[in-house]
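Trainee: Here the structure of chain A is known, so what remains is to put chain B in place on it, guided by the hints.
Here is what each chain is made of, one letter per residue.
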Amino acid sequence: MNQIVEKEFFSENVVKLVVEAPLIAKARKPGNFVILRVSENGERIPLTIAAADETKGTITIIAQKVGVSTEKLAQLEVGDALIDLVGPLGKETDIHNVGTVLACGGGVGVAPLLPIVEGFKKAGNRVISVLAARSKDLIILEDEIRKWSDEVIIMTDDGSHGKKGLVTQGAEEVILREKVNECIVIGPAIMMKFTSLLTKKYNIPTQASLNSMMVDGTGMCGACRVTVGGKTKFTCVDGPEFDAHQIDFDEMMMRLGGYKTEEKIDFEQFMNRS
Amino acid sequence: MTIQSEYLKERRDQEWRAELRNKLKGKERTNLPRVHMPEESPEERVKHQNLEVNTGLSKEQALVEASRCMDCANPTCIEGCPVQINIPEFIKNIEREEFALAAKTLKQTNALPAVCGRVCPQEKQCESKCFYLTKLKKEPVAIGYLERFAADWEQNSGIMDIPECAPKNGKKVATVGSGPSSLSFAGDMIKLGYEVTVFEALHEIGGVLKYGIPEFRLPNKKVDIELDVLKKMGVKFETNFIVGRTASFDQLKEEGYEGFFVGSGAGLPRFMNIPGENNNGILSSNEYLTRVNLMGANNDKNDTLVLKGKNVAVIGGGNTAMDSVRTAKRLGAERAIIVYRRSRVEMPARVEEVKHADEEGIEFMNLANPLEYFADEAGRVNKMRVQMMELGEPDSSGRRRPVPIEGSETDIDVDLVIVAVGVSPNPLIPACLPDLTVSRWGTIEVNDNMQSSIPVLFAGGDIVRGGATVILAMGDGRNAAKSMHEYLMTINK
Numbered sequence: 001m002n003q004i005v006e007k008e009f010f011s012e013n014v015v016k017l018v019v020e021a022p023l024i025a026k027a028r029k030p031g032n033f034v035i036l037r038v039s040e041n042g043e044r045i046p047l048t049i050a051a052a053d054e055t056k057g058t059i060t061i062i063a064q065k066v067g068v069s070t071e072k073l074a075q076l077e078v079g080d081a082l083i084d085l086v087g088p089l090g091k092e093t094d095i096h097n098v099g100t101v102l103a104c105g106g107g108v109g110v111a112p113l114l115p116i117v118e119g120f121k122k123a124g125n126r127v128i129s130v131l132a133a134r135s136k137d138l139i140i141l142e143d144e145i146r147k148w149s150d151e152v153i154i155m156t157d158d159g160s161h162g163k164k165g166l167v168t169q170g171a172e173e174v175i176l177r178e179k180v181n182e183c184i185v186i187g188p189a190i191m192m193k194f195t196s197l198l199t200k201k202y203n204i205p206t207q208a209s210l211n212s213m214m215v216d217g218t219g220m221c222g223a224c225r226v227t228v229g230g231k232t233k234f235t236c237v238d239g240p241e242f243d244a245h246q247i248d249f250d251e252m253m254m255r256l257g258g259y260k261t262e263e264k265i266d267f268e269q270f271m272n273r274s
Numbered sequence: 001m002t003i004q005s006e007y008l009k010e011r012r013d014q015e016w017r018a019e020l021r022n023k024l025k026g027k028e029r030t031n032l033p034r035v036h037m038p039e040e041s042p043e044e045r046v047k048h049q050n051l052e053v054n055t056g057l058s059k060e061q062a063l064v065e066a067s068r069c070m071d072c073a074n075p076t077c078i079e080g081c082p083v084q085i086n087i088p089e090f091i092k093n094i095e096r097e098e099f100a101l102a103a104k105t106l107k108q109t110n111a112l113p114a115v116c117g118r119v120c121p122q123e124k125q126c127e128s129k130c131f132y133l134t135k136l137k138k139e140p141v142a143i144g145y146l147e148r149f150a151a152d153w154e155q156n157s158g159i160m161d162i163p164e165c166a167p168k169n170g171k172k173v174a175t176v177g178s179g180p181s182s183l184s185f186a187g188d189m190i191k192l193g194y195e196v197t198v199f200e201a202l203h204e205i206g207g208v209l210k211y212g213i214p215e216f217r218l219p220n221k222k223v224d225i226e227l228d229v230l231k232k233m234g235v236k237f238e239t240n241f242i243v244g245r246t247a248s249f250d251q252l253k254e255e256g257y258e259g260f261f262v263g264s265g266a267g268l269p270r271f272m273n274i275p276g277e278n279n280n281g282i283l284s285s286n287e288y289l290t291r292v293n294l295m296g297a298n299n300d301k302n303d304t305l306v307l308k309g310k311n312v313a314v315i316g317g318g319n320t321a322m323d324s325v326r327t328a329k330r331l332g333a334e335r336a337i338i339v340y341r342r343s344r345v346e347m348p349a350r351v352e353e354v355k356h357a358d359e360e361g362i363e364f365m366n367l368a369n370p371l372e373y374f375a376d377e378a379g380r381v382n383k384m385r386v387q388m389m390e391l392g393e394p395d396s397s398g399r400r401r402p403v404p405i406e407g408s409e410t411d412i413d414v415d416l417v418i419v420a421v422g423v424s425p426n427p428l429i430p431a432c433l434p435d436l437t438v439s440r441w442g443t444i445e446v447n448d449n450m451q452s453s454i455p456v457l458f459a460g461g462d463i464v465r466g467g468a469t470v471i472l473a474m475g476d477g478r479n480a481a482k483s484m485h486e487y488l489m490t491i492n493k
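Protein chains in written order, with the numbering used here: chain A, 1 to 274; chain B, 1 to 493.
Check before you lean on any hint, since a few could be wrong.
[Claimed, not checked] Mimicking DSS-like on lysine-lysine, the simulated pairs with C-alpha atoms at most 27 Å apart in a straight line are:
{"hint": "1", "chain 1": "A", "residue 1": "K233", "chain 2": "B", "residue 2": "K138"}
{"hint": "2", "chain 1": "B", "residue 1": "K301", "chain 2": "A", "residue 2": "K264"}
{"hint": "3", "chain 1": "A", "residue 1": "K264", "chain 2": "B", "residue 2": "K129"}
{"hint": "4", "chain 1": "A", "residue 1": "K164", "chain 2": "A", "residue 2": "K122"}
{"hint": "5", "chain 1": "B", "residue 1": "K9", "chain 2": "B", "residue 2": "K129"}
{"hint": "6", "chain 1": "A", "residue 1": "K231", "chain 2": "A", "residue 2": "K264"}
{"hint": "7", "chain 1": "A", "residue 1": "K260", "chain 2": "B", "residue 2": "K231"}
{"hint": "8", "chain 1": "A", "residue 1": "K26", "chain 2": "B", "residue 2": "K172"}
{"hint": "9", "chain 1": "A", "residue 1": "K65", "chain 2": "B", "residue 2": "K301"}
{"hint": "10", "chain 1": "B", "residue 1": "K355", "chain 2": "B", "residue 2": "K138"}
{"hint": "11", "chain 1": "B", "residue 1": "K191", "chain 2": "B", "residue 2": "K253"}
{"hint": "12", "chain 1": "B", "residue 1": "K172", "chain 2": "B", "residue 2": "K253"}
{"hint": "13", "chain 1": "B", "residue 1": "K25", "chain 2": "B", "residue 2": "K191"}
{"hint": "14", "chain 1": "B", "residue 1": "K172", "chain 2": "A", "residue 2": "K260"}
{"hint": "15", "chain 1": "A", "residue 1": "K29", "chain 2": "B", "residue 2": "K253"}
{"hint": "16", "chain 1": "A", "residue 1": "K26", "chain 2": "B", "residue 2": "K236"}
{"hint": "17", "chain 1": "B", "residue 1": "K301", "chain 2": "A", "residue 2": "K260"}
{"hint": "18", "chain 1": "B", "residue 1": "K191", "chain 2": "A", "residue 2": "K91"}
{"hint": "19", "chain 1": "B", "residue 1": "K191", "chain 2": "B", "residue 2": "K231"}
[Stated by the list, open to error] Label-pair restraints from in silico Cβ distances:
{"hint": "20", "chain 1": "B", "residue 1": "E255", "chain 2": "A", "residue 2": "D53", "range": "51 to 57 Å"}
{"hint": "21", "chain 1": "A", "residue 1": "G230", "chain 2": "B", "residue 2": "S396", "range": "25 to 31 Å"}
{"hint": "22", "chain 1": "A", "residue 1": "K122", "chain 2": "B", "residue 2": "E255", "range": "53 to 59 Å"}
{"hint": "23", "chain 1": "A", "residue 1": "Q269", "chain 2": "B", "residue 2": "M37", "range": "39 to 45 Å"}
{"hint": "24", "chain 1": "A", "residue 1": "T232", "chain 2": "B", "residue 2": "P42", "range": "35 to 41 Å"}
{"hint": "25", "chain 1": "B", "residue 1": "P404", "chain 2": "A", "residue 2": "T232", "range": "47 to 53 Å"}
{"hint": "26", "chain 1": "B", "residue 1": "P404", "chain 2": "A", "residue 2": "E151", "range": "40 to 46 Å"}
{"hint": "27", "chain 1": "B", "residue 1": "P275", "chain 2": "A", "residue 2": "E151", "range": "40 to 46 Å"}
{"hint": "28", "chain 1": "B", "residue 1": "E255", "chain 2": "A", "residue 2": "E178", "range": "30 to 36 Å"}
{"hint": "29", "chain 1": "A", "residue 1": "V5", "chain 2": "B", "residue 2": "E377", "range": "53 to 59 Å"}
{"hint": "30", "chain 1": "A", "residue 1": "Q75", "chain 2": "B", "residue 2": "K59", "range": "49 to 55 Å"}
{"hint": "31", "chain 1": "A", "residue 1": "L176", "chain 2": "B", "residue 2": "W441", "range": "46 to 52 Å"}
[As the list claims (entries may be wrong)] Here are some of the chain A residues that sit facing chain B, going by a computed Cβ distance under 10 Å:
{"hint": "32", "residue": "V152"}
{"hint": "33", "residue": "I154"}
{"hint": "34", "residue": "R225"}
{"hint": "35", "residue": "D266"}
No wet-lab data here; the hints were simulated from the structure.
No residue lacks a Cβ here, since even glycine has one placed at the ideal position from N, Cα and C.
The shape of chain A in the complex, shown without the other chains (with noise of 0.2 Å):
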């Protein structure tokens, strides 16, 4: 159960896993999310669904090293197995025929974007894909988003791959040349952040996907809380999409520091250690 069966590493920090789960894998929708753990000791850690086979039997997970957990499941090599997996947690992607559909996903934030444009593409709608990051490595999936979009846009810090920009500038461009019925975005808060300031704009209804923390991820423990149109609101079980429009964005990013000392004293005793 939950075994590694295909890795590869994007770029020195960002890691593709294919785990062995049927169960899942027949059950997930776009949006969903699953919880794992690497090993005894280990903690929980919430990662969107990226891709599945119901076929294989198999979902696709990507994970960014950020701390010791997912540096730990970074280690994990093929023929290894998960101890814990269990999933697909939160809403489903409310997918629809709209028009046209701006996806817009930012580092890792592509992955879960991901099953949404294929989604939106199965549904009949047109879709442009925005995706960004720092540099030309940090750029993940880009021919599986192609597959499902009507044309892609890439935008760099550095300009090392497609247009030196942000993200911002790329949606912008496309929400200027045609008319965009819906988006949706997924990337770090900040970016989030900005390409919802964006689109609110220019009243276009936008989606944001959170990377809350949590600790259950079944609606028991509140970590993910999150303040929507005023009110709080549960990650794990009210979301993880939101009306972008309505998430207090400054409030997520100061909750997504709160344990920023104590995880780094436990990354350095970590790397000590190994």
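Mentor: Frame of chain A, contents of chain B only:
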């Protein structure tokens, strides 16, 4: 005479019980004082998250306490027990030093005696109906301590009796969740001959017994031994499985499951919706206790972290609040304060928990209600504003309603706040079943037989009650097992 009372009479008429009753005069029994539970010293126990506070009765203490029980012809204590333990029989077995038989008696109707002997509010259940209390106005027989004694004796003996099960009837049933209500249901259904699978969303079996109740009150290994008995009886356990998500109810029906018991518990933690409550360092008791109890965040060998505080405020007055504040003390808090809007006597926590907290140096700020939280530049809470209250007229719960005192606001320094003001039902299951009738609070509606609007689906525990105790949940599990058995036997005729 009901079947139950006939059965109890028959058991009471056994020769050994009659002989034992005549061994001592009534006065010799009633003149004995109630035993005190031995405890670790407060100074020692606050240093260890995993050191059990109550250390359990010695054999000598248990024998004396068991001899207090009058073996009443009309054992009213059993009426107070949601799982209908044959209380006089197990106590009399202790008195005649047949400890294994005492444990066996417990396990006839209670799948988790070592758990219940520790966390049941016996003072509100069996002991509140004890002859000593109701007729003699004396302290009741310490039924809970004796239950724990018998269960622990068996666990320590290394030989666990495995209750007998009826021959398999070829029917499969499932539980959703693995907390006390589901385990109680599973224990009864396996005895009746069903194949039982317990599905649990988390990576550990036990529900609130594992993630909620701290080790200093209920050691995990005690729970594990009782789970092992269920395993040996044939109950299958599936962790990391969310019924309705990992596989749908329909898929499970196709796999042959004919009945479902939903004991998914009270999921969502409640917050007060006051300004600043989403600051860092303010967390639900569920999160705090899960990080420590389930994930072992108090131990460096585990990767999960937990925020530590010097000045910790816990909001609420229930058992969960006590568990949280005592955990905070053990994790090094200099000040660990209960902030509760009513007075101390209205606190819903067990008297024993409040006493233990008091001994451990927990501060009680009663008649105080948080109004707002303030944070430092990084967003970490550093201050809370509380308003002092006074008690007014009784409200619907019969307790006097707390009324704010104008101009009484005070600020206190805090760097960690645990909110323990209750929980709402877990929405995961109702969200998967559109035909399921739920109340406006999100609890599953059931009839007297614990049956929901979907006939094959029964429910109990906090998902029905909204927030109750381990033993009430276990009572629900037993009732649901009985009803589901009757139901499945009827529809298959």
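Trainee: Hints first: check each against the structure and report whether it holds.
Mentor: Right, here's what the structure says about each hint:
1. A:K233 to B:K138: The hint is violated at about 51 Å.
2. B:K301 to A:K264: holds, 16 Å
3. A:K264 to B:K129: violated, 55 Å
4. A:K164 to A:K122: violated, 30 Å
5. B:K9 to B:K129: holds, 18 Å
6. A:K231 to A:K264: violated, 31 Å
7. A:K260 to B:K231: It is violated: about 42 Å lies between the C-alpha atoms, which goes past 27 Å.
8. A:K26 to B:K172: holds, 23 Å
9. A:K65 to B:K301: holds, 20 Å
10. B:K355 to B:K138: holds, 21 Å
11. B:K191 to B:K253: holds, 22 Å
12. B:K172 to B:K253: Cα-Cα ~9 Å, so holds.
13. B:K25 to B:K191: violated, 39 Å
14. B:K172 to A:K260: violated, 48 Å
15. A:K29 to B:K253: Distance of about 22 Å is within 27 Å: holds.
16. A:K26 to B:K236: holds, 23 Å
17. B:K301 to A:K260: This hinted pair holds, its Cα atoms lying about 19 Å apart.
18. B:K191 to A:K91: violated, 38 Å
19. B:K191 to B:K231: holds, 12 Å
20. B:E255 to A:D53: 51 to 57 Å: Once the Cβ atoms are compared, 22 Å apart, the range 51 to 57 Å for D53 of chain A and E255 of chain B is violated.
21. A:G230 to B:S396: 25 to 31 Å: holds, 29 Å
22. A:K122 to B:E255: 53 to 59 Å: At roughly 30 Å between Cβ atoms, E255 of chain B and K122 of chain A fall outside 53 to 59 Å, so the hint is violated.
23. A:Q269 to B:M37: 39 to 45 Å: Given a distance of about 40 Å, which is inside 39 to 45 Å, the answer is holds.
24. A:T232 to B:P42: 35 to 41 Å: About 37 Å separates the Cβ atoms of T232 of chain A and P42 of chain B, which means 35 to 41 Å holds.
25. B:P404 to A:T232: 47 to 53 Å: violated, 23 Å
26. B:P404 to A:E151: 40 to 46 Å: violated, 60 Å
27. B:P275 to A:E151: 40 to 46 Å: Since P275 of chain B and E151 of chain A have Cβ atoms about 45 Å apart, the given range 40 to 46 Å holds.
28. B:E255 to A:E178: 30 to 36 Å: violated, 49 Å
29. A:V5 to B:E377: 53 to 59 Å: Distance hint for V5 of chain A, E377 of chain B is violated at roughly 46 Å.
30. A:Q75 to B:K59: 49 to 55 Å: Between Q75 of chain A and K59 of chain B, where Cβ atoms are some 52 Å apart, the hint holds.
31. A:L176 to B:W441: 46 to 52 Å: holds, 48 Å
32. V152: violated, 32 Å
33. I154: With Cβ-Cβ at 34 Å, over 10 Å, it is violated.
34. R225: holds, 6 Å
35. D266: holds, 6 Å
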